[in-house]
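Construct the complete structure from the given sequences, taking the supplied hints into account.
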Amino acid sequence: MTHDLSEDITGDQESKNYQNKSENTWREYFSFNTDHKVIGVQYMVMTFIFFLIGGLLAMLIRAELLTPESNLVDRPLYNGLFTMHGTIMIFLWIIPFNAGLSNYLVPLMIGARDMSFPLLNAISFWILPPAGLLLLSSFFLPNGTAQAGWWSYPPISLQVPGDQFINGEFIWIVSLVLIGISSIMGAVNFVTTIFWMRAPGMTFFRMPVFVWSVFSAQLLQLINLPALTAALILLLFDLSFGTQFFKPDANGDPIIYQHLFWFYSHPAVYIMALPAFGIFAEVLPAFSRNPLFGYRSVAIATLGIAAVSIFVWVHHMFTSATPGWMRMTFMATSMLVAIPTGIKAFAWTATIWRSKLHLETPMLFAMGGAAMFIFGGVTGVMLAATPFDIHVNNTYFVVGHFHYIVFNTITMAIFAAIYYWFPKITGRMYAEGWGKLHFWLTFIPANITFFSMHPLGLQGMLRRVSSYDPQYQGWNVIASLGSFLLGASTLPFIANMVGSWLYGPKAVNNPWHATGLEWTTSSPPPPENFQEIPVVTKPPYDYGDPKYSVVLDADNGE
Amino acid sequence: MQRRPIHKDESPIRFDLWRLRLPNWLQRFLPSGGGTHEDHHGKGMFGFTVFLLSESIIFLSFIFTYVVLRLTTNNWLPPGISGPELSTLVIINTVVLLSSSFVIQLAENALKRNKLKKFRWLWLMTIAMGTYFLIGLLIEWKNLDFKITTGLVGSTFYLLTGFHGLHVLAGVVLQIIMLIRSFIPGNYNKTHFGTSATTLFWHFVDVIWVFLFSLIYLWRA
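Chains A and B supply the protein sequences, listed in that same order. Position one of the first sequence corresponds to residue 83 (our numbering), numbered consecutively onward. Position one of the second sequence corresponds to residue 492 (our numbering), numbered consecutively onward.
The set of hints was computed from the structure by calculation and includes no laboratory data. Bear in mind that the values here come from a model prediction, so they are computed numbers and not experimental data. Heads up, the beta-carbon is just placed ideally off N, CA and C, and yes, glycines get one too. Be careful, since some hints might not be right.
Partner residues are not named here, just some residues of chain B that face chain A (Cβ under 7 Å, in silico) [stated by the list, open to error]:
id : residue
1  : Thr579
2  : Val581
3  : Ile639
4  : Ser646
Pulled from the structure, derived: some chain A residues nowhere near chain B, Cβ distances all over 12 Å [as the list claims (entries may be wrong)]:
id : residue
5  : Tyr111
6  : Pro212
7  : Val242
8  : Ile315
9  : Gly334
10 : Tyr339
11 : Thr415
12 : Leu439
13 : Ile456
14 : Asn476
15 : Val480
16 : Pro527
17 : Arg545
18 : Pro587
Next comes the structure, spelled out in structure tokens:
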């Protein structure tokens, strides 16, 4: 059967026939379920809780930095706060949230009934809550959590206060290894699904860019994550079993840890960012009624980013006694990343060029995130230059740069995705006014908070310190106040999501008149996604075709 | 499998060679599953191969650590330590492990030709060879004059052989499970993916051992 997308735009006749076959109840979201959609929602809700926890830790850090003196928390606790903030936001918010979103969307977007290994999928989710709780439990250990920062460099991470066998660092390593195992299983599942489960006619160059992004990101997980696992195993042995891999006083070499660690943790940035780019590539065409500009170039650039990102890790180690030739090489490769990302940025811009924009909440978040990525990308190229990097190394400039990427770009993209696919996932519309309020409450404070860090860093304020010279107080107060506003911005979001899921107006199958396969099935989709597996005959972004250029209504909730 | 039509999009950017040829090549190279749950074996083996690729990076990281430490350390062997010796035990162990790769492949082939009895005997032989290797490893560990805390030589030696031994153990456990499953009536067809995956895993463990053996025992101090 050929699935004609126009049917859904005009009447939704066909899809109404099999709408809501599933007996979706709230209980199944708390059960061991192998449906990829349930697992996806489980991932997303759980990681959002960790996002709130990580955000609270960040606000505690900013509260401490309101004054130059260290007076709110003691130094070990402050160390624990920034270590746990970083760890939670990376390993329990962005990466697993992307896994959840991909879990929900990839089978729908490629026209499959489920992931290729549903049981493995459920297991990879259920590893995460215990691992996360384990990580949090280290706050209650006698000597507190791990204190060596989220990168946990030896020999600092090998100094255990109190000399106990079970300590914060030990717990940190064990939970990260668990999270890593979950990610590897997920990656195997995603790559196999995208290779083997595509609907007839869904060639690689008819896949939505989001699927390309997930594919590239999960390939990186497969290739690079094991290096982190290896580094963590070695660190655990050094910490608890008396080996000497990273102990400088026993001929060990802590720099090896840095190489293994960044071999994963640099590409991890792209594991987080590529799905965000994929979200932009879905949302921007839908709300500007234009096909994605240069689709094929964007798809190949996605793979290109993944490929280049494997060879740039040493730029995190320019100040780690790295030889000159290595600095030069990795400066060049790091700057090379700007080419495929530039292709993407131009493609987004060209997509919305001279179109009539529909500024619904997902579009606001996508445009805001894409714009902020330009800013974060430019400071990224600055940091790739070795001399500049050495100058601002370990200052707030670096902190500002990566928060522009991880918060202002990726978390914004995640919010865009939540709003964009909310009708599909819940079958109900969110409240547009609350959504816009959430956007402005996020966008402005995020810029206040993270922009302030750039001048701070250029002036020389170091990161990971709880007290500082009074000359830095001005920008610090601005950043802290911004962060409190940013924290408050999640309140209208939560109210909107919970309220709309319970009481929102029923959504039609395709409220945005978008062209992806996921919009051709009912909202929420039935257990096996499609009544009949669709046969794909079209490119993914058909908005240019006059047949599909329907003007969006102001009110989408019918 | 019939060749799918190739879609040409209307992208205004034209980088002729790679833009036109690479996609065409990819389309022919990549499988399309048709969104079904059929072909468990092919899908499973693909996923398992991808997993092994990932596993090999862990070994590669450990080997990288070993090689760098070895090259940058002046006194690799602490005084009074002779280091891991290429003893008869190690050589026999290696020969047994490597030849078990052939045995398991024969077993797998026998299963493909539905010779269940032959499969079970050969499979049992592989289990015995794997177990022999593990016992040999433990004996070797017991006879050595250094511990895991004895300098970098101890740290790296026990890490590499221990991590590999853990994989041999996992392989033997998988083999035992598959042997038991081959006795469950009606479950015989399902064992096909399991046995193929176990066979592949066993080859993987053997190939890793070739590298570890050369690095640990043949690279003299």
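So, going through the hints one by one against the coordinates:
1. Because the beta carbon of Thr579(B) sits about 28 Å from the nearest beta carbon in chain A, more than 7 Å, this interface hint is broken.
2. Nearest Cβ of chain A to the Cβ of Val581(B): about 22 Å, over the 7 Å cut. The hint is violated.
3. Satisfaction of the interface hint for Ile639(B) is found here, the shortest Cβ-Cβ separation to chain A being roughly 6 Å, below the 7 Å cut-off.
4. The criterion of a C-beta within 7 Å of any C-beta in chain A is met by Ser646(B), whose closest approach is roughly 4 Å, and the hint holds.
5. Annotated as non-interface, Tyr111(A) keeps its C-beta farther than 12 Å from every C-beta of chain B; the closest such distance is 24 Å.
6. The claim that Pro212(A) lies off the interface holds: its Cβ sits roughly 22 Å from the closest Cβ of chain B, which is beyond the 12 Å cut-off.
7. Separation of Val242(A) from chain B is adequate, the least Cβ-Cβ distance of about 17 Å exceeding the 12 Å criterion.
8. Remark: the non-interface label on Ile315(A) conflicts with the geometry, its nearest Cβ contact in chain B lying 8 Å away (cut-off 12 Å).
9. Not every C-beta of chain B lies more than 12 Å from that of Gly334(A), the closest at about 7 Å, which undercuts listing it as non-interface.
10. The beta carbon of Tyr339(A) is not kept farther than 12 Å from every beta carbon of chain B, the shortest such distance being approximately 9 Å.
11. Chain B leaves Thr415(A) outside its interface by the beta-carbon criterion, the shortest separation being 19 Å against a cut-off of 12 Å.
12. With 12 Å as the threshold on Cβ separation, the claim that Leu439(A) sits away from chain B holds: the shortest Cβ distance comes to roughly 21 Å.
13. No Cβ of chain B comes within 12 Å of the Cβ of Ile456(A); the nearest lies about 20 Å off, and the non-interface call holds.
14. Its beta-carbon lying about 25 Å from the closest one in chain B, Asn476(A) satisfies the requirement of being farther than 12 Å from that chain.
15. No beta-carbon of chain B comes within 12 Å of the beta-carbon of Val480(A); the shortest separation is about 26 Å.
16. Every C-beta of chain B lies more than 12 Å from that of Pro527(A), the closest at about 38 Å, which supports listing it as non-interface.
17. Every CB of chain B lies more than 12 Å from the CB of Arg545(A), the least distance being 28 Å, so the non-interface label holds.
18. The beta carbon of Pro587(A) sits about 32 Å from the closest Cβ of chain B, which is more than 12 Å, so the claim that it is off the interface holds.
Checked against the numbered hints given earlier, this structure breaks hints 1, 2, 8, 9, 10; the rest are met.
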